[in-house]
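Peer 1: Each chain, letter by letter, is given below.
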Amino acid sequence: MELFFNPFDNLLCILLGISFTVWFTLLLVFIIVPAIFGVSFGIRRLYMKTLLKIFEVRARCLSISIIAREPTSLEEEIKEIRRSGSNKDLDSASEFEMSDIFYFARRGVESIMDDEVTKRFSAEELESWNLLTRSNNNFHYISLRLTVLWWLGLLIRYGILLPLRVTLAFTGVSLLVFLTSLIGLLQNGRMKNVLSEKVHLMCYRICVRALTAIITYHDSENKPKNGGICVANHTSPIDVIILASDGCYAMVGQIHGGLMGVIQRSMVKACPHIWFERSEVKDRHLVAKRLSNHVQDKSKLPILIFPEGTCINNTSVMMFKKGSFDIGATVYPVAIKYDPRFGDAFWNSSKFGMVSYLLRMMSSWAIVCSVWYLPPMSREEGEDAVQFANRVKSAIARKGGLVDLLWDGGLKRDKVKDTFKEEQQKLYSKMLVGTQEDRSRS
Amino acid sequence: SVVFSSYSASLCCSQEGGEIRRLGKRFRKLDLDGSGSLRVDDFMSLPELQQNPLVRRIIDIFDTDGNGEIDFIEFIRGVSQFSVRGNQQQKLNFAFRVYDVDKDGFISNGELFQVLKAMVGSNLQDAALQQAVDKTILGADRDGDGRISFHEFCTIVGELDFTKKMVVDV
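Chains A and B, in that order, give the protein sequences.
Quick note: the first sequence, position 422, residue 422 per our numbering, numbers continuous.
Adding 1000 to a residue's 1-based position in the second sequence gives its number in our numbering.
What the hints contain is simulated information worked out from the structure, not anything from laboratory work.
One or more hints might be untrue.
[As the list claims (entries may be wrong)] In the DSBU-like style, the derived pairs of lysine-lysine whose C-alpha atoms are separated by at most 30 Å in a straight line are: (1) Lys1135(B) to Lys421(A); (2) Lys1135(B) to Lys430(A); (3) Lys351(A) to Lys300(A); (4) Lys426(A) to Lys1117(B); (5) Lys1117(B) to Lys430(A); (6) Lys426(A) to Lys1164(B).
What you are looking at is a predicted structure, and each value in this text was computed from that prediction instead of being measured.
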């Protein structure tokens, strides 16, 4: 009648308890404490180097080819078709050939099937495979070794990395909400600002670790200062976390409901962010007024804005909306470039919701990116907002190694001017006249 | 998507299911107003097509029933002519129809001029263009009727290695 304890049960409980404690301690020591103090043990970089080595080995062993067409110019291609005839009598050939339309016809159908602009909105295809099926649409069974490796990777990512990251994310977000609400109780003053800064930085750093984001900051001497506007290219909502873990910004955005809304409301207690009601977003003047009010108060933090208005897939920079360039404040451009080898950070909002996107992010290998702080720019004499915006955009595109596209990121499908068609016509005409001259010379 | 799957079931063209799905996706993306057929406006919303001097010819060729709109079947049939599995005859036919504006089976002097003018714009004089056109027709016209038939077209162009060039990934 004594209680029957199975000795194994007892042992199991003890083991579980110990492993839990160990796990938690490790987490605390290696991740959370460094996050609080902004120190890094370099574990993530070591991880990144290891991953790279594995991917390189894979890439050398096999080649998954994605059909890549070499870009040929108009002249090259038309001449190539002309020359391919077997019994071409050059003397009797005219400047114009009936085969010349092939080039335009093909280009036309190619654009119908897949144009440069629409391509920017879907994830960039990778040259070699990084063991994530989601990044390779043409996955076929290649070898047993590869499949085994893939399964192993899957196990590690979903079994070990994902729970770890979710725990961290949870910790980070709850700390943010809790601590900022606490700070909100303080009187406005230096103490509050200092504390708020520390708290924000700490929580963002925890979130950075929750995504295993390995970020390299360049040119930190150009970091945005109070009273300025920080402008960056937009690939995903993570951009915010990446930038905010290295500096303090005032965020701008629409008030959401749900968890997002809770976070927003508590953040604004600690320091002045700019949140708009949905109805206010439409009113451009109101938005501009609030932004310029904020900017004029030099004690307030720099505003963080993404002028493209939408997430682009990080191969190019699209047209910047001119609103933020109209206010007359100093603009601090920032270029963010993700390394696609480790995981695709692009948020295709038409395909994935926010939660499934975050889960995807947390089950990738890592998010590796580089951030460049560019020197501040101001609007020059005689320059209007659009020109200023374009100047900033080119600077960002150049620094980040992204293509500077003219097309509107909102892709309202506005009518493009005829000048582009006229350019093609000019090119073709030049070619025709050129061949005429060649012949008259010989 | 029910509509598209019934289309793919009834189509007897040489395309895999995967291709049809992709084409369907693309078609829906282009169909801005969701009307189920593409009009010139929908195509012209693509910046790269606006750049192409022959875009209206291409749309016209796709539009086999001539109602000014391209429905999904016409779209599939049109694009499939540029498939890697298409044969030389198909592609020659397409090229011929770029020139044959009135679809009467012959390329007339005026039609050739029209197409050349579209490609060149205002960069060359009309007189020079007309010269080039006359020369081409003279060289191609075997039966002396002053216009180029499909057979004559194939004789000039057929020996060129263009099949690879007229291929688009689907």
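Peer 1: All hints, please: hold or fail.
Peer 2: Hints, verified against the model:
no. : hint                    : verdict
1   : Lys1135(B) to Lys421(A) : holds, 27 Å
2   : Lys1135(B) to Lys430(A) : holds, 19 Å
3   : Lys351(A) to Lys300(A)  : violated, 37 Å
4   : Lys426(A) to Lys1117(B) : holds, 12 Å
5   : Lys1117(B) to Lys430(A) : holds, 14 Å
6   : Lys426(A) to Lys1164(B) : holds, 26 Å
Taken one by one, the earlier hints fail for this structure only at number 3.
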